[in-house]
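With chain A's structure known, arrange chain B on it following the hints.
There are 2 protein chains.
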Amino acid sequence: MPRIHIQNKADDLESKITPELWQALGGPEGASFAEDEAGFRAGIADAAYLITATSALRPYRALIPGQLRGIFCTSAGMDSIAPFDWLPQGTMLMNNSGVHADRGGEYVAMALLMLRQEMPAMIAAQQRGVWEKHYTSVLRGCTLVSIGTGALGAAGARAARLFGMKTIGVRTKAEPHPDFDRVVAAADLDSVLPLAEFLLLAAPLTPQSQNILDARRIALLPKGAGVINIGRGALIAQDALCDALDAGALGGAVLDVFSPEPIPPGHRLWTTRHLVITPHVSADDPAIYASDSVKLFLENLAAIERGETPPNLVDISKGY
Amino acid sequence: MPRIHIQNKADDLESKITPELWQALGGPEGASFAEDEAGFRAGIADAAYLITATSALRPYRALIPGQLRGIFCTSAGMDSIAPFDWLPQGTMLMNNSGVHADRGGEYVAMALLMLRQEMPAMIAAQQRGVWEKHYTSVLRGCTLVSIGTGALGAAGARAARLFGMKTIGVRTKAEPHPDFDRVVAAADLDSVLPLAEFLLLAAPLTPQSQNILDARRIALLPKGAGVINIGRGALIAQDALCDALDAGALGGAVLDVFSPEPIPPGHRLWTTRHLVITPHVSADDPAIYASDSVKLFLENLAAIERGETPPNLVDISKGY
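For the record, the sequence lines run as chains A and B. Each residue of the first sequence is one higher than the one before, starting from 4 at the first, in this note's numbering. Each residue of the second sequence is one higher than the one before, starting from 4 at the first, in this note's numbering.
Bound-form chain A, shown alone (with noise of 0.2 angstroms):
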């Protein structure tokens, strides 16, 4: 079997992937375990795979062998280590896309709930100490739009159809996708924004997707619209969201992710309006999120050992 290096993040107490757990899981024998720079040399000279997170293997780019076979990132985006000229040619570059999907769902769904509740308004009213009500009808019937249709955004989609809502999906071309009622090309995303009573962002950062929610696509969502960000925070421009919602053109965001993060104190966006701040947590699960990014690894290296191409590969000629 091939010899695998893990490389965890010192500070991860969450997602690391243990000996144990690498053992547990049948993982090929012979695998090094570090989180320092001096086990990251050691553990790779002579390995044929690489397993570590994105930030995690930042520092580290220009040391990565061109014997490697593959690089297995435990993160969704690839964006942290991108453009990929430090990849050296031959070696496959996956991403863990898939694992985030059940707990990202459920965060789109809770997304979507507050805003249709208007929680941001009653949150605001409690913290004023008011008795204020906002009285609110249920999610049937109102319009999901996704932008980004892969794992992430499919669980949304679904968690929007639980509450008996429509789904439009926007991607690079207008492929039907079963989780969306309706699929556009991205070059057509300004003819469903009027639609779009929630907008999902949960698409990869590339330099395409870059401020794809800008000021003018603001503006060509409904009144009252709710906006949820799962993706990057640079999908959005994010200092003409926080103007929207202060002048109260939008109904509230619920935004996990935002640029730059940790989010400075003091920073417009903590007390922007009827805007709910998570701390980019929204689609990683610490009770299987190192056992399932250790399932996806075992799943791409058995394909690989096949002939076939892995299911995560990534195309960093998209970035995705």
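Be careful, since some hints might not be right.
One copy or two, it doesn't matter: identical chains are merged, so the pair holds either way.
Below 20 angstroms or equal to it, Euclidean Cα-Cα: the simulated EDC-like pairs (lysine to aspartate or glutamate) are [said to hold, decoys possible]:
(1) K136 <-> D15
(2) K169 <-> E308
(3) K136 <-> D14
(4) K12 <-> E135
(5) K298 <-> E40
(6) K321 <-> D184
(7) K321 <-> D246
(8) K176 <-> D88
(9) K226 <-> D193
(10) K298 <-> E32
(11) K19 <-> D39
(12) K226 <-> D49
(13) K169 <-> D295
(14) K12 <-> E311
(15) K136 <-> E264
(16) K226 <-> D246
(17) K169 <-> D249
It should be emphasised that the hints constitute simulated quantities derived from the structure, not laboratory data.
Structure of chain B alone, referenced to chain A:
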């Protein structure tokens, strides 16, 4: 057809039954509509049925004439017009049970998701302007105990099942219920509280259910449990709940009903730790409230005219 008087609340803009709505839904001709006492006295004099909210009925209880065949209250809980010594013998009292189920179910879904994802702590962190991660898992496999298995409790259980939760119902007698995996009698409540990762209060308020969740029973809940109340505030020993929340014994609470309402300015509820307050709006859907209430009344009227017991008849010996 029998003549019907409809007494609306003067300040009710959300769920008023208008002559236009009444006609559109096929309500019998000759109905009278009023919002003040003079209109009540005039309309009730020769009416066979009265449709009104409990809050609008409360001041006029002594004016109910003996010829009235039935009162249909557009409210689910009858506690504010109990005891029923003012009700003429032979006058049927009916409630609005069922109209709140869809909206109430979405409220419970939101509350379960918010509590599981530790939103009360994250809302507090946002208020302090602090980036404080809370990694949490999904609802699947968690247990909801519902005190009350009526229309609202059952809707809460169905919401829990959407996310793969286990459901235990607590009702007067341990009769099976399709929305609950298991039902126990109220006398056995203590035996299931240690299983209640989430506890829903959705029972009518009666002398038996008042303070049903008291300090002793709060202490039987698992550490970190979440409490949801969509019934009546007085079901809970409110100060004991606030104490448990402030002490960190419970994970959080999402409450829609309180004693008293509105919560007065400066009340400790406003600043209780990990408490989410909504101002008694969890189950009133303005999009359908008035029309569904009329439809439900007409169903009950048709049953009466067929010589059957109307489905929403209140058992005044029980109070619901």
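Checked hints:
no.: 1; hint: K136 <-> D15; in the structure: between (42 angstroms within a copy, 12 angstroms between copies)
no.: 2; hint: K169 <-> E308; in the structure: neither (41 angstroms within a copy, 41 angstroms between copies)
no.: 3; hint: K136 <-> D14; in the structure: between (44 angstroms within a copy, 13 angstroms between copies)
no.: 4; hint: K12 <-> E135; in the structure: between (46 angstroms within a copy, 18 angstroms between copies)
no.: 5; hint: K298 <-> E40; in the structure: neither (26 angstroms within a copy, 71 angstroms between copies)
no.: 6; hint: K321 <-> D184; in the structure: neither (26 angstroms within a copy, 48 angstroms between copies)
no.: 7; hint: K321 <-> D246; in the structure: neither (31 angstroms within a copy, 54 angstroms between copies)
no.: 8; hint: K176 <-> D88; in the structure: neither (26 angstroms within a copy, 69 angstroms between copies)
no.: 9; hint: K226 <-> D193; in the structure: within (15 angstroms within a copy, 48 angstroms between copies)
no.: 10; hint: K298 <-> E32; in the structure: within (15 angstroms within a copy, 68 angstroms between copies)
no.: 11; hint: K19 <-> D39; in the structure: within (14 angstroms within a copy, 67 angstroms between copies)
no.: 12; hint: K226 <-> D49; in the structure: neither (58 angstroms within a copy, 48 angstroms between copies)
no.: 13; hint: K169 <-> D295; in the structure: neither (30 angstroms within a copy, 23 angstroms between copies)
no.: 14; hint: K12 <-> E311; in the structure: neither (30 angstroms within a copy, 70 angstroms between copies)
no.: 15; hint: K136 <-> E264; in the structure: between (34 angstroms within a copy, 12 angstroms between copies)
no.: 16; hint: K226 <-> D246; in the structure: within (14 angstroms within a copy, 41 angstroms between copies)
no.: 17; hint: K169 <-> D249; in the structure: neither (28 angstroms within a copy, 41 angstroms between copies)
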